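If you want the building blocks of each chain, they are given just below.
4 protein chains.
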Amino acid sequence: MASSATVAILGCAGYTGQETLDRVLAHPGLEPLALGSDTLAGQPAWALDPRLDGDLPEFLTNAEAAASGADVLFLCLGHEEAAAFEPPGDAVVVDLSGAHRLCDAAAAVEWYGVSPGAWSYGLPELFPPQGPLIANPGCYATAALLALAPVRHVIASAVVDAKSGVSGAGKSLKASSHAGSVLENLAPYAVGAHRHAPEIAQQLGFPVCFVPHLLPVRRGLLATCYVRSDADLRPLLEEAYAPSHVVRVLPEGMAPELARVQATDAAEIALFHDRATGTAIVICALDNLGKGAAGQAVQNANIALGLEETTGLRLQGVLV
Amino acid sequence: MASSATVAILGCAGYTGQETLDRVLAHPGLEPLALGSDTLAGQPAWALDPRLDGDLPEFLTNAEAAASGADVLFLCLGHEEAAAFEPPGDAVVVDLSGAHRLCDAAAAVEWYGVSPGAWSYGLPELFPPQGPLIANPGCYATAALLALAPVRHVIASAVVDAKSGVSGAGKSLKASSHAGSVLENLAPYAVGAHRHAPEIAQQLGFPVCFVPHLLPVRRGLLATCYVRSDADLRPLLEEAYAPSHVVRVLPEGMAPELARVQATDAAEIALFHDRATGTAIVICALDNLGKGAAGQAVQNANIALGLEETTGLRLQGVLV
Amino acid sequence: MASSATVAILGCAGYTGQETLDRVLAHPGLEPLALGSDTLAGQPAWALDPRLDGDLPEFLTNAEAAASGADVLFLCLGHEEAAAFEPPGDAVVVDLSGAHRLCDAAAAVEWYGVSPGAWSYGLPELFPPQGPLIANPGCYATAALLALAPVRHVIASAVVDAKSGVSGAGKSLKASSHAGSVLENLAPYAVGAHRHAPEIAQQLGFPVCFVPHLLPVRRGLLATCYVRSDADLRPLLEEAYAPSHVVRVLPEGMAPELARVQATDAAEIALFHDRATGTAIVICALDNLGKGAAGQAVQNANIALGLEETTGLRLQGVLV
Amino acid sequence: MASSATVAILGCAGYTGQETLDRVLAHPGLEPLALGSDTLAGQPAWALDPRLDGDLPEFLTNAEAAASGADVLFLCLGHEEAAAFEPPGDAVVVDLSGAHRLCDAAAAVEWYGVSPGAWSYGLPELFPPQGPLIANPGCYATAALLALAPVRHVIASAVVDAKSGVSGAGKSLKASSHAGSVLENLAPYAVGAHRHAPEIAQQLGFPVCFVPHLLPVRRGLLATCYVRSDADLRPLLEEAYAPSHVVRVLPEGMAPELARVQATDAAEIALFHDRATGTAIVICALDNLGKGAAGQAVQNANIALGLEETTGLRLQGVLV
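Residue numbers (our numbering), protein chains in the order written: chain A, 100 to 419; chain V, 100 to 419; chain X, 100 to 419; chain Y, 100 to 419.
To be clear, the hints were calculated from the coordinates, so they are not data collected in a lab. Here the structure is a predicted model, which is why all the values come from computation and not from measurement. Please note: incorrect hints may appear among the correct ones.
Same chains, same label: a pair holds when it works inside one copy or across any pair of copies.
As the list claims (entries may be wrong) - Straight-line C-alpha distance at most 20 Å; calculated SDA-like pairs for lysine to any residue:
id	residue 1	residue 2
1	270	416
2	270	140
3	273	148
4	270	149
5	273	347
6	273	168
7	270	417
8	273	138
9	270	415
10	270	293
11	273	352
12	273	146
13	273	354
14	270	139
15	273	353
16	273	215
17	270	178
18	273	289
19	273	292
20	270	102
21	273	294
Just need the whole structure built from these sequences, with the hints factored in.
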């Protein structure tokens with residue numbers, strides 16, 4: 100590669116920010132130029148994590164990082180901050196928040212309090228990003244869409260029962276993320292009222308019944324999707340992901356599990372049939388911080404930059 | 100109480116056996132007469148657990164315990180052993196295995212390899228036991244039926260997405276129960292092929308699509324059930340459980356969670372509606388070893404003995 | 100019992116408050132009169148937990164609860180609030196915070212910023228409370244003292260390596276209690292600088308080297324204590340706990356574990372010898388919220404009220 | 100690199116075998132030639148893990164893999180099998196079992212039932228391997244030695260309180276590795292009687308008091324070591340690891356934790372002082388399957404092959 104593209108990460112001290120930095124550091128074509136964090140501004144990189152070495156620049160404020168002139172900006176911010184962000188010049192911007200995911204004005208206002216702009220939704224295997232302003236999908240939406248989008252023309256409805264590790268809720272301190280509430284527990288939340296539901300519906304073209312559950316695990320997400328269909332869905336899934344190095348359709352009879360996708364940017368998909376009720380069950384497992392956030396963000400940036408799509412991603416390894 | 104009924108527990112060293120013993124020891128009307136365990140036979144009670152004191156009889160073989168003349172026998176055995184068991188005289192027998200749950204001869208043979216006999220299914224709040232030979236429901240079936248049976252006349256199908264702690268799979272050593280496979284993991288299993296599915300169908304009158312998932316928790320089970328119905332299901336649920344001290348219908352908007360039912364014999368049920376798809380979501384949480392096994396077994400025995408139904412059950416307490 | 104003593108719990112919405120309420124509800128001689136919580140004041144009891152029924156009084160402010168005229172007050176407050184508390188009349192007051200544990204004025208000021216008053220330290224098996232104002236020991240201190248106090252006259256120093264579940268750090272929101280920091284992790288903290296160290300030293304008569312570690316479990320605490328001694332320590336331990344229904348000295352060769360003491364007010368102690376180095380290893384397991392907090396608080400209150408010491412405690416059961 | 104060295108892994112289906120394969124696949128100078136597993140012989144590589152692609156050779160028996168003519172053999176076998184292994188020709192052999200770790204004949208027979216042979220102990224930062232037959236250190240021993248060996252000339256004894264995830268006990272099915280025994284639990288085991296104790300003593304030159312505890316985590320190991328010394332130990336530790344890219348001495352006041360070393364081949368070390376007792380506390384965290392097993396095995400092989408020591412190791416990344 101002739102030269103590297105420079106990168107600024109805004110909100111670098113959060114989970115998705117740190118994971119994005121992790122991929123950028125492993126990426127031969129990206130160079131970290133500015134690390135933004137309003138809480139760590141002025142401190143050295145290793146104040147975030149002692150594994151970060153001395154060659155990295157010290158933290159800036161998010162505003163300073165935004166103005167750094169980087170070729171690529173990753174917005175690892177809250178919805179409100181991301182919504183208020185003004186894209187500088189012609190940089191590639193990947194927004195990992197939900198602020199720019201909904202295209203329908205009413206829905207965008209209802210769920211995120213923002214107006215949709217010139218952003219394109221970027222889920223590379225299904226809905227490749229168009230242009231430099233990219234709305235990175237939600238973690239739940241990614242799993243549900245990987246399972247359902249390839250078969251969306253032969254189904255009319257779906258139930259999505261999803262389970263996620265606690266890092267999906269971010270690093271901010273909430274009673275529901277307190278370890279005393281999470282350990283040895285399982286709890287459904289935002290039942291029928293989670294904002295990834297309209298995002299899934301937008302991309303599928305019909306609403307789904309979506310219920311997330313909080314798992315007592317640090318990372319990983321599994322979506323069990325139930326659909327009625329007489330068609331054989333396997334060819335549709337295999338065709339959709341045949342070219343992918345990221346999404347693997349498992350052989351018949353094998354179920355996805357978190358352990359094989361944790362700390363990676365890969366996803367696993369499996370298809371089962373329940374004969375008694377004529378239900379197809381499509382299950383997707385991924386890491387909410389990998390394919391569900393930072394890995395997909397870098398994948399989207401690669402596409403926008405014209406690089407090989409999986410450069411810098413965590414796709415190798417057979418860790419126990 | 101004039102005098103206590105004597106109890107024999109067969110398979111006392113397994114999870115359900117130990118939990119049954121726990122309830123029997125707390126029960127003012129039951130007296131442990133014989134503790135059966137083919138692996139611990141001849142050893143003192145505290146060989147199972149140092150918390151058991153010296154007044155308990157030493158372990159017998161299961162055959163000896165069966166012949167002890169006890170008034171009540173709890174069968175905490177594998178399906179095959181339970182199927183081969185010959186009920187002695189007029190004792191009350193509660194079978195915690197699946198051997199006697201299916202009434203249809205073909206189904207019983209297909210799923211458990213046994214012929215159904217003169218056993219009645221005993222889920223006290225919904226299907227009270229009839230007579231002294233009682234098939235105690237499966238843990239998953241209990242949760243699904245508590246959620247769905249009260250509304251079964253207004254629905255025609257259901258998806259049951261269930262999640263259980265590892266004790267539901269018993270104490271025997273299996274690769275899938277190895278902590279290295281369970282910790283920080285989540286895995287669906289027996290997708291569309293679990294033997295609690297025909298049990299649920301038998302009691303509801305129609306098949307359900309049932310997918311269990313193994314959670315990284317020691318105990319506790321949550322079933323998220325999805326049904327299509329235009330009826331308002333809340334009155335049906337509240338009416339069904341109004342008299343119960345075991346099953347609690349939560350106030351609107353509150354979701355069940357494992358932490359509040361673990362180590363108890365209680366169950367929590369909640370109802371939600373997904374407006375976008377017209378789906379009712381009925382969620383049930385219970386402890387797979389409590390209401391899902393030993394607690395319900397003692398509840399069934401109480402009914403058969405004419406005792407107050409909840410005597411000896413773990414229903415108090417507001418542990419963190 | 101002629102009549103019940105009335106109880107006020109201040110700080111009832113925290114972990115120790117809720118656990119204290121749990122014991123009070125199971126106690127035949129105590130009656131909950133006032134539930135104090137500045138955050139829940141004015142709300143019904145079940146706002147804390149849906150398992151609490153409608154017969155309980157609604158929440159008051161802590162100041163109102165303190166002025167309720169109850170016979171017994173449990174202070175489940177932060178150190179500062181407890182230090183500022185003025186004991187009303189002749190009530191029995193059990194302070195579960197650290198505010199009144201240190202007798203040495205300099206130490207009390209250094210570690211808690213308070214002056215010691217007319218409070219007595221109450222660890223029933225070893226240091227029974229004297230009078231109605233009782234400082235309930237810290238959870239770590241309880242475990243270390245149960246292991247070491249019976250042998251303190253034949254040892255001169257000790258290493259206490261302790262491991263605790265996250266509920267020991269309370270319900271308040273801290274980065275170190277966020278589930279993303281706790282799950283699948285282990286971290287030492289406050290190394291050589293924890294305020295339970297001077298508390299242990301005060302009761303033993305010599306300092307110990309104390310290092311706590313945060314475990315990825317909800318509840319339970321284990322202290323592994325290392326001492327040099329040529330004496331046989333087993334008779335000292337067995338003698339100390341022979342009369343106790345709370346502390347069990349395990350048979351030779353059996354190690355304590357969290358699972359057997361969780362959700363109970365009991366403690367397990369074991370003694371091992373390392374021949375290679377001449378080290379005695381005394382291990383104590385207990386529940387940080389049980390014997391380490393609420394269980395011991397009720398035990399202390401029972402003593403002050405002249406009741407049987409273990410009334411209302413969670414000492415039964417052989418849960419898996 | 101002119102050409103790659105070929106590799107055979109015996110016992111490839113166990114935890115350490117799979118992790119060794121993981122590093123070999125990422126290693127530019129090693130090529131997997133033979134995957135040995137007596138249970139998977141004849142099956143394709145992806146029978147172990149669906150993430151393994153079709154280019155890998157199918158499984159052989161361990162005997163076939165041993166005879167494959169590979170340049171490097173990794174023995175991921177039980178102690179007995181490894182002890183019986185005959186090194187072929189002049190291959191580099193790294194034994195991940197304990198069979199060849201103890202040099203003293205009596206100790207080797209007592210703890211492993213084998214006679215020591217021409218194997219050298221290989222802990223690269225402290226005791227680099229000598230020659231092609233390398234005994235890879237135990238996971239606990241690695242952590243204890245990384246903490247203590249640099250200061251061994253100024254101390255005379257130590258207490259090593261160690262905590263490990265369950266993968267340290269291997270994949271074989273044991274009651275103590277059943278998830279029902281591990282989850283939400285903590286248990287010391289082999290107290291004063293673990294075979295890593297003589298291994299640590301052999302390398303230090305004096306015995307230590309060693310107590311391991313089983314943690315409810317999948318992977319990761321932390322050793323808290325207590326020593327008496329008036330010397331300032333920090334310069335000794337920093338000097339020992341200044342050249343290392345594997346072992347990091349943390350800045351003063353920062354404690355190691357599992358989360359930062361899991362799934363890596365790195366180790367973290369910290370030093371604290373307890374003023375009250377004059378105790379130095381040296382804490383080491385590593386991944387029992389990484390620096391504690393497979394990572395160190397590849398590091399040792401690199402040295403024996405004359406390659407850069409850290410090639411193929413997992414040392415990058417700042418995962419949450």
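Checked hints:
1. Only between protomers do residue 270 and residue 416 lie at most 20 Å apart by alpha-carbon distance; the minimum there is 19 Å, versus 27 Å within a single protomer.
2. With identical chains, the CA atoms of residue 270 and residue 140 are at most 20 Å apart within one copy only, with a shortest distance of 18 Å there and 29 Å across copies.
3. Taking the shortest Cα distances, residue 273 and residue 148 sit within 20 Å of each other only across copies (18 Å), while inside one copy they are farther apart (22 Å).
4. In the homo-oligomer, the alpha carbons of residue 270 and residue 149 lie at most 20 Å apart inside one protomer (18 Å), although the nearest pairing across protomers, at 28 Å, exceeds that limit.
5. In this assembly of identical chains, residue 273 and residue 347 lie within 20 Å of each other by CA distance neither inside one copy nor across copies; the values are 35 Å within and 27 Å between.
6. In this assembly of identical chains, the alpha carbons of residue 273 and residue 168 never lie at most 20 Å apart, being 35 Å within a copy and 36 Å across copies at closest.
7. In the homo-oligomer, the alpha carbons of residue 270 and residue 417 lie at most 20 Å apart only across protomers (15 Å), although the nearest pairing inside one protomer, at 28 Å, exceeds that limit.
8. Taking the closest pair of Cα atoms, residue 273 and residue 138 come within 20 Å of each other both inside a single copy (18 Å) and across two copies (16 Å).
9. With identical chains, the CA atoms of residue 270 and residue 415 are never at most 20 Å apart, being 27 Å at best within one copy and 22 Å at best between copies.
10. Taking the shortest Cα distances, residue 270 and residue 293 sit within 20 Å of each other inside one copy (19 Å), while across copies they are farther apart (26 Å).
11. Taking CA atoms no more than 20 Å apart as the test, residue 273 paired with residue 352 passes between copies only; the shortest distance there is 19 Å, against 39 Å inside one copy.
12. When the C-alpha separation of residue 273 and residue 146 is checked against a cutoff of 20 Å, the pair qualifies only between copies, where the shortest distance is 18 Å, while the shortest distance within a copy is 23 Å.
13. For the homomeric pair residue 273 and residue 354, the shortest alpha-carbon distance between copies (17 Å) is at most 20 Å, but the shortest distance inside one copy (33 Å) is not.
14. For the homomeric pair residue 270 and residue 139, the shortest alpha-carbon distance inside one copy (14 Å) is at most 20 Å, but the shortest distance between copies (26 Å) is not.
15. Taking the shortest alpha-carbon separations for residue 273 and residue 353, only the inter-copy value of 17 Å comes in at or below 20 Å, while the best intra-copy value is 36 Å.
16. In the homo-oligomer, the alpha carbons of residue 273 and residue 215 never lie at most 20 Å apart, since the shortest distance is 28 Å inside one protomer and 35 Å across protomers.
17. When the C-alpha separation of residue 270 and residue 178 is checked against a cutoff of 20 Å, the pair qualifies only within one copy, where the shortest distance is 14 Å, while the shortest distance between copies is 27 Å.
18. Proximity of residue 273 to residue 289 under the C-alpha cut-off of 20 Å is restricted to the intra-copy arrangement: shortest distance 15 Å within a copy versus 24 Å between copies.
19. With identical chains, the CA atoms of residue 273 and residue 292 are at most 20 Å apart within one copy only, with a shortest distance of 19 Å there and 28 Å across copies.
20. In this assembly of identical chains, residue 270 and residue 102 lie within 20 Å of each other by CA distance neither inside one copy nor across copies; the values are 34 Å within and 46 Å between.
21. Taking the shortest Cα distances, residue 273 and residue 294 sit within 20 Å of each other inside one copy (18 Å), while across copies they are farther apart (27 Å).
Violated hints, listed in ascending order, are 5, 6, 9, 16, 20; each of the other numbered hints is respected by the structure.
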